[in-house]
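Novice: What follows is each chain in one-letter form.
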Amino acid sequence: MSLAWVEASAITKDEKSIYALKTTHKHTVLKKLFQKANFSYESKMAAIEKIMGGDNSDIAVRCKAACMAGLPDAENKAKVWAEITDPASEESLYVRGAKMSGFYCSDQLDLISPYFEKYFEILPILNEKTTYKYLNQFFHAMLPTTVIKDSYIVKLVALKNETPDSAKNFNSMLQDGIEILVRTMQIREFAKGHAAAKL
Amino acid sequence: MRFDSQSVDWFTENLGTIKDEVTRGAIWRYFWMLVQDRQITSYKYLELAKKNLVLETVEQIISVVLMHLSAAIGYLPVESIKEKRSDLFEALYKMIQSENENIPKDAIVD
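Line order of the protein sequences matches chains A and B.
Just so we're aligned: 49 in this note's numbering is position 49 of the first sequence, and the numbers increase by one with no gaps anywhere.
Just so we're aligned: 259 in this note's numbering is position 60 of the second sequence, and the numbers increase by one with no gaps anywhere.
It cannot be assumed that every hint is accurate.
Computed cross-link-like contacts, DSSO-like style, restricted to lysine-lysine with a CA-CA straight-line distance of at most 30 Å [unchecked claim]: (1) LYS304/B with LYS293/B; (2) LYS304/B with LYS44/A; (3) LYS293/B with LYS79/A; (4) LYS250/B with LYS13/A; (5) LYS283/B with LYS26/A; (6) LYS77/A with LYS13/A; (7) LYS192/A with LYS250/B; (8) LYS32/A with LYS192/A; (9) LYS149/A with LYS293/B; (10) LYS249/B with LYS77/A; (11) LYS304/B with LYS13/A; (12) LYS293/B with LYS249/B; (13) LYS218/B with LYS32/A; (14) LYS32/A with LYS79/A; (15) LYS281/B with LYS249/B; (16) LYS77/A with LYS304/B; (17) LYS32/A with LYS283/B; (18) LYS192/A with LYS249/B; (19) LYS293/B with LYS281/B; (20) LYS249/B with LYS22/A; (21) LYS16/A with LYS283/B; (22) LYS32/A with LYS293/B; (23) LYS243/B with LYS16/A; (24) LYS218/B with LYS26/A; (25) LYS304/B with LYS192/A; (26) LYS249/B with LYS26/A; (27) LYS250/B with LYS77/A; (28) LYS304/B with LYS118/A; (29) LYS26/A with LYS293/B; (30) LYS32/A with LYS281/B; (31) LYS243/B with LYS118/A.
Hints in this document: simulated from the structure, not taken from any laboratory.
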């Protein structure tokens, strides 16, 4: 349905337009479409071509980067992960940020789960070799909150303990991550407990 | 200010009928704080939104509630996300179709 809306540039009801879609709306739908496994690669590429064609504006380039990062394909995920964790990358912060925004998807748990562990391994390397601005973006965009294990919190705490007090920015970032993971896990457990009690 | 469980249930059913928009805004905000303090579940916040957002007419309230809804979905157990997203999509689609001209549709789609 939403793909038909994007093609018609409008939200419709009984084939009647009820809301005209802007470019940014169409991009959001495309990004979601690319993450879905029930559309073929060919149909996704046809949709992006139809909607964006030869558009090389900054927002179109970022949208394409996010779409490609979202494809449900293990080889593609590995390629994108290598690109966003390469300290020598010459891609702009915006394009890499777009790739990060498309990378995780709760429908692709089997594909993204391996990167939850890799995240904690790459943090010290990025801290050493990239700018604070990039590290901060990566840290928050890729922090694994879809599924949280106790071990993730332990890893961040261990990393914080290994970090000298003089590295204030990194320490504060790690503390922020610990708090986000703990809060998210507690709220989720609370919801799970209530849902189970209702059954 | 603390609501008892009876009041939480009443607002879940009737928040949209409160005429004063400042009061409504405060209650929406209060419910979000209850989620973060683990006094109500993120499921309850979604239920509140599903029942009352369709009656909301203040653009700023809609924008803030949608932002909170996005976070509330992120707080759900992963196995519930698809179903709750779909529920929410249906509620927002209903809002877009509303002929009530006071409903700011840009805030919903954006």
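Novice: A separate judgement is required for each hint: does it hold in the structure or not?
Specialist: Now the hints, each set against the structure:
1. Taking the CA atoms of LYS304/B and LYS293/B, the gap is near 11 Å; set against the 30 Å cutoff, the hint holds.
2. Restraint check for LYS304/B and LYS44/A: the C-alpha separation of about 28 Å stays at or below 30 Å, so the hint holds.
3. For a cut-off of 30 Å, the pair hint linking LYS293/B to LYS79/A is broken: about 40 Å separates their Cα positions.
4. About 22 Å separates the Cα atoms of LYS250/B and LYS13/A, which keeps this hinted pair within 30 Å; it holds.
5. Annotation: proposed proximity of LYS283/B to LYS26/A holds, straight-line Cα distance about 22 Å (limit 30 Å).
6. For a cut-off of 30 Å, the pair hint linking LYS77/A to LYS13/A is broken: about 36 Å separates their Cα positions.
7. For the hint pairing LYS192/A with LYS250/B, the CA-to-CA distance comes to about 22 Å; that is within 30 Å, so the pair holds.
8. Annotation: proposed proximity of LYS32/A to LYS192/A holds, straight-line Cα distance about 26 Å (limit 30 Å).
9. Restraint check for LYS149/A and LYS293/B: the C-alpha separation of about 37 Å exceeds 30 Å, so the hint is violated.
10. For the hint pairing LYS249/B with LYS77/A, the CA-to-CA distance comes to about 35 Å; that exceeds 30 Å, so the pair is violated.
11. Note on LYS304/B and LYS13/A: the hinted pairing holds, with a Cα-Cα distance of about 15 Å set against a maximum of 30 Å.
12. With a C-alpha separation of about 10 Å, the suggested pairing of LYS293/B with LYS249/B holds against the 30 Å cut-off.
13. For a cut-off of 30 Å, the pair hint linking LYS218/B to LYS32/A is broken: about 37 Å separates their Cα positions.
14. With a CA separation close to 20 Å, the supplied pair LYS32/A and LYS79/A stays within the 30 Å bound.
15. Between LYS281/B and LYS249/B, the direct Cα distance comes to roughly 15 Å. Compliance with the 30 Å bound is thereby established for this hinted pair.
16. Between the alpha carbons of LYS77/A and LYS304/B the distance comes to roughly 36 Å, so the proposed pair goes past 30 Å and is violated.
17. With a C-alpha separation of about 16 Å, the suggested pair LYS32/A and LYS283/B falls inside the 30 Å cut-off, and the hint holds.
18. With a C-alpha separation of about 20 Å, the suggested pair LYS192/A and LYS249/B falls inside the 30 Å cut-off, and the hint holds.
19. Restraint check: the Cα-Cα separation between LYS293/B and LYS281/B comes to about 19 Å, which is no more than 30 Å; the hinted pair holds.
20. Proximity of LYS249/B to LYS22/A is assessed by CA-CA distance (about 25 Å); at most 30 Å being required, the pair is judged to hold.
21. Among the hinted pairs, LYS16/A with LYS283/B is consistent with the structure: their alpha-carbon atoms are about 27 Å apart, no more than 30 Å.
22. Among the hinted pairs, LYS32/A with LYS293/B is consistent with the structure: their alpha-carbon atoms are about 21 Å apart, no more than 30 Å.
23. The hinted pair formed by LYS243/B and LYS16/A fails the criterion: a straight-line CA distance of about 34 Å is larger than 30 Å.
24. For the hint pairing LYS218/B with LYS26/A, the CA-to-CA distance comes to about 35 Å; that exceeds 30 Å, so the pair is violated.
25. Between LYS304/B and LYS192/A, the direct Cα distance comes to roughly 33 Å. Violation of the 30 Å bound is thereby established for this hinted pair.
26. Proximity of LYS249/B to LYS26/A is assessed by CA-CA distance (about 24 Å); at most 30 Å being required, the pair is judged to hold.
27. Distance restraint check for LYS250/B and LYS77/A: the Cα-Cα separation of roughly 39 Å exceeds the 30 Å cut-off, and the hinted pair is therefore not satisfied.
28. Annotation: proposed proximity of LYS304/B to LYS118/A is violated, straight-line Cα distance about 41 Å (limit 30 Å).
29. Between LYS26/A and LYS293/B, the direct Cα distance comes to roughly 20 Å. Compliance with the 30 Å bound is thereby established for this hinted pair.
30. Restraint check for LYS32/A and LYS281/B: the C-alpha separation of about 13 Å stays at or below 30 Å, so the hint holds.
31. Between LYS243/B and LYS118/A the CA atoms are separated by roughly 34 Å; this puts the pair beyond 30 Å, and the hint is violated.
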